[in-house]
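Fit chain B to the supplied structure of chain A, relying on the hints for placement.
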Amino acid sequence: MIPREAAPGQPVFAEPWQAQAFALVVQLQRAGYFTAPEWAEILGAELRAAGEDDGSHYYESWLKALEKLSLAKGLTDLATLDARTEAWEHAYEHTPHGKPVVL
Amino acid sequence: MSGEHHHDHDHDHDHGGQDIPSATALRVKALESLLVEKGLIDPAALDAIVDAYETKIGPRNGARVVARAWTDPAYKARLMQDASSAISEIGFTGSERPHMIVVENTPGTHNLVVCTLCSCYPWLVLGLPPVWYKSTAYRSRAVIDPRGVLNDFGLTLGDDVAVRVWDSTAETRYLVLPERPEGTEGMDEEALAALVTRDSMVGVAKVVAP
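Residue numbers (the working numbering), protein chains in the order written: chain A, 58 to 160; chain B, 12 to 221.
For reference, chain A alone in the conformation it holds in the complex (with noise of 0.2 Å):
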């Protein structure tokens, strides 16, 4: 079945990380470090391991495809994004309420 929309006029994003992960794809395609096509092709082939989606789980698909993309053509590697990853996640636990979490 098709999914439909619950209402006209849902948000674009369902939640702020998918903006985020769709303004740096077009950010990076911008600025050259990727073309159009090596995008469809890594998104369309993150889709199809992700099997059958009613479309809600597509950004993560684009999150999962920006990864990959953003390692194979070296904008960084996968020790620094895990540790990059984990000292966000330290930070967010350490942080008091209503103080700006930075690292």
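It cannot be assumed that every hint is accurate.
[What the hints assert, rightly or not] Estimated spans, in silico, between C-beta atoms of each pair: (1) L128/A to P84/B: 45 to 53 Å; (2) V174/B to H147/A: 50 to 58 Å; (3) R61/A to D178/B: 17 to 25 Å; (4) D58/B to A93/A: 33 to 41 Å; (5) T137/A to T117/B: 35 to 43 Å; (6) S113/A to E65/B: 15 to 23 Å; (7) T167/B to A93/A: 33 to 41 Å; (8) G155/A to T147/B: 38 to 46 Å; (9) H147/A to T120/B: 55 to 63 Å; (10) V154/B to K156/A: 48 to 56 Å; (11) A71/A to A205/B: 21 to 29 Å; (12) P60/A to V174/B: 18 to 26 Å; (13) T117/B to A144/A: 56 to 64 Å.
[Said to hold, decoys possible] These stretches of chain A come out as covered by chain B in the derived footprint (C-beta under 8 Å, 3 or more residues): (14) 91-99; (15) 121-129.
[As the list claims (entries may be wrong)] Heads up, simulated DSS-like pairs for lysine-lysine below, C-alpha to C-alpha not over 27 Å straight-line: (16) K49/B to K130/A; (17) K217/B to K67/B; (18) K87/B to K217/B; (19) K125/A to K49/B; (20) K156/A to K87/B; (21) K67/B to K87/B.
To be clear, the hints were calculated from the coordinates, so they are not data collected in a lab.
All C-beta atoms in this analysis are idealised placements derived from N, C-alpha and C, irrespective of residue type, glycine included.
Just chain B now, kept in the frame of chain A:
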């Protein structure tokens, strides 16, 4: 795996800090902060992109293109000839400029747009795709059984109407020029634009007169 929660993120435990974003959100934040640090991207530009897609770029852009084509035959001729140029004529320009092709619905032909590979979509004129456009069901069935898909959307076409399906790619995006409904002869461009829906420009609906 970035898409899974591998930690317990209940917020009632005593970490004394902030609500921890999901593993996925943390991954995006990590990637973004690294790319910003390396000078590969500009955080202000990221915000501008999000703002544009949330508030400025959407199906209203495409609706204006359609309404102009309905009311201005010379414009329509340019649109069918070179859609990318005709669209930028109206003032819709952006960095995301894949080649645009406009396909016209007629009494004998109905056009339907899909992206079987991923979700290529004419962002500049329609904004970001709705959830159903990204679903595996739509992406696979639109090609195999377009009439069935149209039925699901409440659009039943006669056997005398040919259905053409256009598979978008990274380089080529399609916009459907729907038929102008009868009974709208007296309406101006702005009033007509208000009738044109996103779904009609993807080809899963017709435009109906008020």
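Hints, one by one, checked against the model:
1. L128/A to P84/B: 45 to 53 Å: For L128/A and P84/B the Cβ distance comes to about 52 Å; the hint holds.
2. V174/B to H147/A: 50 to 58 Å: holds, 55 Å
3. R61/A to D178/B: 17 to 25 Å: Cβ of R61/A to Cβ of D178/B: about 22 Å, so the range 17 to 25 Å holds.
4. D58/B to A93/A: 33 to 41 Å: Since the Cβ atoms of D58/B and A93/A sit about 22 Å apart, the hinted range of 33 to 41 Å is violated.
5. T137/A to T117/B: 35 to 43 Å: violated, 56 Å
6. S113/A to E65/B: 15 to 23 Å: holds, 19 Å
7. T167/B to A93/A: 33 to 41 Å: Between T167/B and A93/A, where Cβ atoms are some 36 Å apart, the hint holds.
8. G155/A to T147/B: 38 to 46 Å: Roughly 43 Å apart at Cβ, these two residues keep to the hinted range, so it holds.
9. H147/A to T120/B: 55 to 63 Å: Holds, at about 59 Å.
10. V154/B to K156/A: 48 to 56 Å: Holds: the Cβ-Cβ distance is about 52 Å, inside 48 to 56 Å.
11. A71/A to A205/B: 21 to 29 Å: holds, 27 Å
12. P60/A to V174/B: 18 to 26 Å: holds, 22 Å
13. T117/B to A144/A: 56 to 64 Å: For T117/B and A144/A the Cβ distance comes to about 59 Å; the hint holds.
14. 91-99: holds (count 6)
15. 121-129: holds (count 4)
16. K49/B to K130/A: holds, 14 Å
17. K217/B to K67/B: holds, 24 Å
18. K87/B to K217/B: Given pair K87/B, K217/B holds - Cα atoms ~19 Å apart, limit 27 Å.
19. K125/A to K49/B: holds, 18 Å
20. K156/A to K87/B: violated, 56 Å
21. K67/B to K87/B: holds, 24 Å
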